[in-house]
Amino acid sequence: MVIKLDEVVISGLTKKFDDLTAVDHIEFNVAKGSIYGLLGPNGAGKSTTIRLLCTLLRPDEGTATVSGFDIIESPVQVREITGVLPEEGNHTLYQTLSGYDNLEYFARLYDVPEDEIPGRIEELLTFMDLWERKDDPAGELSTGNRQRLALCRALLHKPKVLLLDEPTAALDPVAAKRVRKLILSFSEKYGQTFFINSHNLSEVQRMCDKIAIIDEGKILLSGDTQELRTRFKTSQDFRIRVVDDLEKAGSIAESLDFVTSLKKEADTIVVTIEDPFTNNSMLMQSLLSQGIKIVEFAEEEATLEDLYLDVIKEGGAK
Amino acid sequence: MALYKSILVAKADLKMAMKVKMVRYGLIGIGALGPITMLVTVALMVYGDPVIGVLILPSISAILAPMLGMIAIIPASMIAANALVGEKEMNTLEPLLSTPLTDRELLIGKLLSSFIPSMALLLGSILVSEIGTFIILRSVGAEFILVPGIPGLFLLLTAGPTLIVAIVSIMILISGRVKRVYEAYQTSGAVVMVFILPMMIPTMTMGAGTVDMNSVWMWNIITFLITLVIAASTWALAVRKFNRDTMISM
Numbered sequence: 000m001v002i003k004l005d006e007v008v009i010s011g012l013t014k015k016f017d018d019l020t021a022v023d024h025i026e027f028n029v030a031k032g033s034i035y036g037l038l039g040p041n042g043a044g045k046s047t048t049i050r051l052l053c054t055l056l057r058p059d060e061g062t063a064t065v066s067g068f069d070i071i072e073s074p075v076q077v078r079e080i081t082g083v084l085p086e087e088g089n090h091t092l093y094q095t096l097s098g099y100d101n102l103e104y105f106a107r108l109y110d111v112p113e114d115e116i117p118g119r120i121e122e123l124l125t126f127m128d129l130w131e132r133k134d135d136p137a138g139e140l141s142t143g144n145r146q147r148l149a150l151c152r153a154l155l156h157k158p159k160v161l162l163l164d165e166p167t168a169a170l171d172p173v174a175a176k177r178v179r180k181l182i183l184s185f186s187e188k189y190g191q192t193f194f195i196n197s198h199n200l201s202e203v204q205r206m207c208d209k210i211a212i213i214d215e216g217k218i219l220l221s222g223d224t225q226e227l228r229t230r231f232k233t234s235q236d237f238r239i240r241v242v243d244d245l246e247k248a249g250s251i252a253e254s255l256d257f258v259t260s261l262k263k264e265a266d267t268i269v270v271t272i273e274d275p276f277t278n279n280s281m282l283m284q285s286l287l288s289q290g291i292k293i294v295e296f297a298e299e300e301a302t303l304e305d306l307y308l309d310v311i312k313e314g315g316a317k
Numbered sequence: 000m001a002l003y004k005s006i007l008v009a010k011a012d013l014k015m016a017m018k019v020k021m022v023r024y025g026l027i028g029i030g031a032l033g034p035i036t037m038l039v040t041v042a043l044m045v046y047g048d049p050v051i052g053v054l055i056l057p058s059i060s061a062i063l064a065p066m067l068g069m070i071a072i073i074p075a076s077m078i079a080a081n082a083l084v085g086e087k088e089m090n091t092l093e094p095l096l097s098t099p100l101t102d103r104e105l106l107i108g109k110l111l112s113s114f115i116p117s118m119a120l121l122l123g124s125i126l127v128s129e130i131g132t133f134i135i136l137r138s139v140g141a142e143f144i145l146v147p148g149i150p151g152l153f154l155l156l157t158a159g160p161t162l163i164v165a166i167v168s169i170m171i172l173i174s175g176r177v178k179r180v181y182e183a184y185q186t187s188g189a190v191v192m193v194f195i196l197p198m199m200i201p202t203m204t205m206g207a208g209t210v211d212m213n214s215v216w217m218w219n220i221i222t223f224l225i226t227l228v229i230a231a232s233t234w235a236l237a238v239r240k241f242n243r244d245t246m247i248s249m
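Top line first, the protein sequences correspond to chains S and F. Residue numbers for the first sequence follow numbering that gives the first Met the number 0, so the first one is 0 and each next one is one higher. Residue numbers for the second sequence follow numbering that gives the first Met the number 0, so the first one is 0 and each next one is one higher.
Don't read these hints as lab results, they were simulated from the structure. Careful: at least some of the hints might be erroneous.
What the hints assert, rightly or not - Between beta-carbon pairs, the in silico distance windows are:
hint	chain 1	residue 1	chain 2	residue 2	range
1	F	Arg-103	S	Tyr-189	29 to 37 Å
2	S	Arg-205	F	Tyr-181	37 to 45 Å
3	S	Arg-205	F	Tyr-3	21 to 29 Å
4	S	Asp-171	F	Lys-240	50 to 58 Å
Claimed, not checked - If you want the ones that stay clear, here's a sample from chain S, every Cβ over 10 Å from chain F, calculated:
hint	residue
5	Leu-55
6	Tyr-93
7	Lys-247
8	Ser-250
Unchecked claim - The list that follows gives simulated cross-link-like pairs (lysine-lysine, DSSO-like), each with its CA atoms no further than 27 Å apart:
hint	chain 1	residue 1	chain 2	residue 2
9	F	Lys-87	S	Lys-15
10	F	Lys-10	S	Lys-157
11	F	Lys-14	S	Lys-133
12	S	Lys-133	F	Lys-87
13	F	Lys-20	F	Lys-87
14	F	Lys-87	F	Lys-178
Beta carbons: idealized from backbone N, C-alpha and C, even for Gly.
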């Protein structure tokens, strides 16, 4: 059994801006080497959480540790071991400086040894397919290229923890896919811990090992992505293919009070049932006991979108 | 505190500021304005009537020295505005603050990025004025007189740097209240106007073509002390206010 130590530990972290509590006593841990996703609508408190973790903001209550360093007690050490891609990262480069100059400046600020700087920049820019454009002013690059350059900046000093705020926002699907691939390959290659803010559900579903859902500054839910997808379904679709008696199967299903909707498609009925983990076997039993021959009884895969909407709708921790 | 990091920030700020046309041409234009005004005045005096010109040159020098200083320190506010508000406007502040730079290193870096070019401009203006005056005086066979003279040099080399520190400090304080560089330029312009006054006070002693040099000395020392108090108090306030939380929240 592999035990993953926690790289980021957040305890009771709170940040207020006047009357607004942007982050409200949040608590969760991020395992070393994992990709953790913080999901939530705009204004939920995602960016504030990242700003607190990279010590840009000082919490009003609570604290967090990054690789053992407390964000209040040791902010400089925290900044040394974290790489940050701010919100709208592609707009946070020095537009008049070349890509190379942007990276060289930050490499020095992050204390990358002088003799390692050229090699490190070349390695990253080559990896991101930007080496040919290293002398172009950052402002003349496309949005996708700028985003990858901003990612290079975050990765320059080989940080233990990467805090990425909406890494694929404002990117076209091809560029977004490329950035996701880069994150996954870096995570695999260097074992770095990634903390990703996103409101893109499919992105989080594809990349993250664990997720938390935040809304109005509160963590509504957190846990393993796969587990949450299945555990937190209040209702679920089942696809049932039958031999002959489609009408009869539909009538039986409709008569059950936990079935909330029903659709017929050729030889299949698609039913939505409440409390699926209790009622799915009851549905099957009801159909079989009345002579329906079932060819297929398949659970429609739950998506994070379903989970997300369920949780946001209920607005409370489960 | 690592000074090399502050120098790194200052160098990057200067490099970036020089890419902004308004700052680049502003620096060249303003930098040239002081010595040109100084030398044209000296030339008119000396070539008009060399005997009288040389006699009243020390008084003219006392009047013009504060003007030379005022012009040379204006770029400090332009560069400071660009280095502070410009970072915010260009969204580059957040990644910069995410680096291991300490608040103090960043503050010193921002100060140096304005201080170094403004001091270079001030010293350059003085040097060009002195050399130009030497050439003009030699061309009419007159004895060399320092323009700016010793009282003026004292004022420029003491009140000048302290005023630059004051301007940068005030820029740090107002940067939290303005969102755009042009707003900062406007505000800094007003700030410079406030600081013009103490530099102009020595000129008020003028009468009948000459000034009382004792009075010039006295007012130059008072001006220096005023700028010193302003610089010390605004710098102390800027150090207190300059932190990540306020910069990001502002």
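>> Of the numbered hints stated earlier in the document, which are not met by this structure?
In response: Numbers 3, 4, 5, 6 - these are the hints that the structure violates, sorted from lowest upward.
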